[in-house]
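Modelling step: build the complete structure from the supplied sequences, incorporating the hints.
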Amino acid sequence: MINIFMQQISHHWDQLMQHVSDQSNFTDDWPCNATGIPTSEFYNQTVDNNIDRHSFFEQKPRYLNRHTNIGFVWNGGNCEHNQLFTINQDWFISTDPVDVYEFGILWHPLLRFVINLKYAKHAMHTNRTGHFRGTYMVGEHMIADVLTNDNNWYMTKQIDNLKNVDHIIHQNCIPYIYKDELESDKQVYREQIQNFLYCRHLIENWKLDTDNWWLKSHGRHEVARRWTRWLDRHIDMEMSAWHYIINSRELTDLLRQRYREDFELGSFEDMTADYEVWA
Amino acid sequence: MKFGHNMDNNRPLHRAKTTVDKFALILTGAPRGVSLQAWDHRLPQVYKNTVSSNDSWSQSPHDYWWQEDRDPPEVHVFVCATNFDSMDRYLRGEDPRLAGLDPEPYIDYKDQKKSTLAFDMIDDILHYRDEHGTVTGGKMKLKKEKWEQHHLKAWDWATSVNFVYWDGYQMVDDMYWHFLSQGIETNRLENTTWQNQYLHMLAAYEQHKEFFDSLTEQSVVFRQRYDLSFNPYQSLWRVAQVLQTDTYSNQNNPEEWNWHEQGFRFSPKVLVPNLHIFRGLVSAGDYWNAFDGPGTQLFVQKYLDYLKQDPDHWAFVSQTIDHGTHIKWRVPEHSLPQFCMQHNYTILHLRDQEHLGTRMLSLKDPPILDQWRYEWYDWTPEMVEEIRQKCS
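Top line first, the protein sequences correspond to chains A and B.
Residue numbering for the first sequence follows the working numbering, beginning at 1 and increasing consecutively.
Residue numbering for the second sequence follows the working numbering, beginning at 1001 and increasing consecutively.
Think of the hints as simulated: they come from the structure by calculation, not from any bench.
No experiment lies behind these values; they were computed from the predicted model shown.
The beta carbon of each residue, even a glycine, is placed where N, CA and C say it ideally should be.
Any given hint might turn out to be false.
So these bits of chain A aren't anywhere near chain B, every CB distance computed over 12 Å [stated by the list, open to error]:
(1) H54
(2) D145
(3) N164
(4) E238
(5) W242
(6) R256
(7) E269
Label pairs and their calculated CB-CB ranges [unchecked claim]:
(8) B:R1089 with A:N149: 27 to 33 Å
(9) A:R66 with B:E1354: 31 to 37 Å
(10) A:R260 with B:H1349: 15 to 21 Å
(11) B:D1088 with A:H54: 31 to 37 Å
(12) B:T1186 with A:D150: 46 to 52 Å
(13) B:F1163 with A:N164: 56 to 62 Å
(14) A:S217 with B:D1069: 42 to 48 Å
(15) B:D1120 with A:D253: 36 to 42 Å
Shown next as structure tokens:
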């Protein structure tokens, strides 16, 4: 069931890290250098200016590392970016296929769906005064509509994105939970994903690298970014969407139907079993 | 000089924490945002800070959170709603996202014919009319069971949760005949429009008179619309601080210059956001305000009389500007402060965004909107699709 493409689904973060250290040759004259799009440029072109993301992501972009011979296949929202590395010059984006050891993260379909939901109906009409740009709307009917009818790039199945990828990491192995005293498996399951939504964005490890020489010399150049309603408004939407889906059997069923292969690929728990407990 | 060295910077706050006897939170208006998880986090969970230190927001408890060893005062929540869905400008197509149905437009708002047809279709969905065309009742009922379940869960920490249901069809009719008997013909409206946010409070008084009669000078009553949310570090103590001790007392020694000793106790108090005076008319934000006990009692008993004084007080927004020679201009923001002026209130002021970190879940550059009409009323996507087919 799992190794459909003879891929390796890893539950061990260490395996990848080991591979990375084996592969490291720290060369600067890597042939892909010239063709890559700098990360900041990617953000300016696609996210900020809302430029034709559809065709960009059709080309299956990947992050490439300048120092090690590995590539990271883009499979979700911007969150992968924060999950793995901060924005710096070591990683850049390329849409050209290159011969590197590729890896990608297989997310829980629910998590990936709510993270990508911010792209749905993103370019909504403004009113006559031009206000309300970038407003997000969420509701049961809207989610059902997206799950049923939307075939844009952000709705692709992960199993398609991760085709021919050398190393698939199961999201469970990403070490963002450190609690030892979790009560049950069910609790673990829920905490793992919800912690991602809450903690990763709001509290933990979201650091901005400042250019301040004084702070740098004192080792304090990485500062936690504060909550702003303008940058973080999508998180409210993600939390609400999450809430709608786990509280509605219909939406849960729609999600499971749509991403059935992804559920199977990752051996994710069937969400129906816990439905009564959660709701 | 070690001025302020040993001084507690927040003495007015601590004073308020010893004097307030009870809080009432009155939620009024349309149920925008209520179904969102964000609403739950930014309303009930923030207000919970009033009675406990909320450890879900931060490791270090904030001054405005309850941190005393003794029991906190009572917090009574009044959840007010209109029995039936009613018409508003967004539903009529001005901005479909604020209508709480579909984000995609379903009415060509600029086309007079199509928007008129849409009005008729929506009117048919919402209203019963008699042979004269007068609205006699509503069709689209609030899903009360779901509504109550949702709120009981959200406010489970409160001392009491009271549901208030009301609709204004009779009142619209009464007001029409009231002014007609004085020889003034006013517009006959479909519903009480923005006045709902105040009239719901009057309904709460009618249905819970015992509670409102028990309010004292040391009570704090906070009225707000559903779609207003707060900075997580706030609580009702912030309001109590200003309302009871802060603004007109000596910060360094509140005992010395307490207005209750200066005859201020004879004036009911109201706290409003964004107070301004335009062309001699006092105006303030209408999405929230706070009263002390006497201020509440006076408002709920006299506001209807105030509306009956003058059709301008009742008949909603009217603007006549005749090259500066004759200016008649009223907006919803005038209503409460004008009432308070007339009844000799002490009007206190906080700028909401700067001082309270308020943020709308609708209307003012909203970060997130919900499909609230689908959620709380029996609207279906098929109804919207039918309107879209004919009117867009």
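Each hint, compared with the structure:
1. No Cβ of chain B comes within 12 Å of the Cβ of H54 (chain A); the nearest lies about 18 Å off, and the non-interface call holds.
2. Annotated as non-interface, D145 (chain A) brings its C-beta within 12 Å of a C-beta of chain B; the closest such distance is 8 Å.
3. With a minimum CB-CB distance of about 37 Å to chain B, N164 (chain A) clears the 12 Å threshold, and the non-interface call stands.
4. The non-interface label for E238 (chain A) is inconsistent with chain B: the shortest C-beta to C-beta separation is roughly 9 Å, within 12 Å.
5. Against chain B, the non-interface label of W242 (chain A) is violated: not every CB pair exceeds 12 Å, the least being about 7 Å.
6. For R256 (chain A), the non-interface assignment is confirmed: its Cβ lies about 21 Å from the closest Cβ of chain B, beyond the 12 Å cut-off.
7. Distance check on E269 (chain A): its Cβ is at least 22 Å (rounded) from any Cβ of chain B, clearing the 12 Å threshold; non-interface status holds.
8. The supplied range of 27 to 33 Å is met by R1089 (chain B) and N149 (chain A), whose beta-carbon atoms lie about 29 Å from each other.
9. For the hinted restraint 31 to 37 Å between R66 (chain A) and E1354 (chain B), the CB-CB distance of approximately 45 Å leaves it violated.
10. Distance hint check for R260 (chain A) and H1349 (chain B): the Cβ-Cβ separation is about 58 Å, which falls outside the suggested range of 15 to 21 Å.
11. A beta carbon spacing of about 35 Å between D1088 (chain B) and H54 (chain A) agrees with the range 31 to 37 Å that was offered as a hint.
12. The hint said 46 to 52 Å for the Cβ distance between T1186 (chain B) and D150 (chain A), and at roughly 48 Å that hint holds.
13. With their beta carbons about 58 Å apart, F1163 (chain B) and N164 (chain A) fall inside the hinted range of 56 to 62 Å.
14. In this structure the hint that S217 (chain A) and D1069 (chain B) lie 42 to 48 Å apart at CB holds, the actual value being about 46 Å.
15. Restraint check, D1120 (chain B) to D253 (chain A): a C-beta distance of roughly 38 Å satisfies the suggested window 36 to 42 Å.
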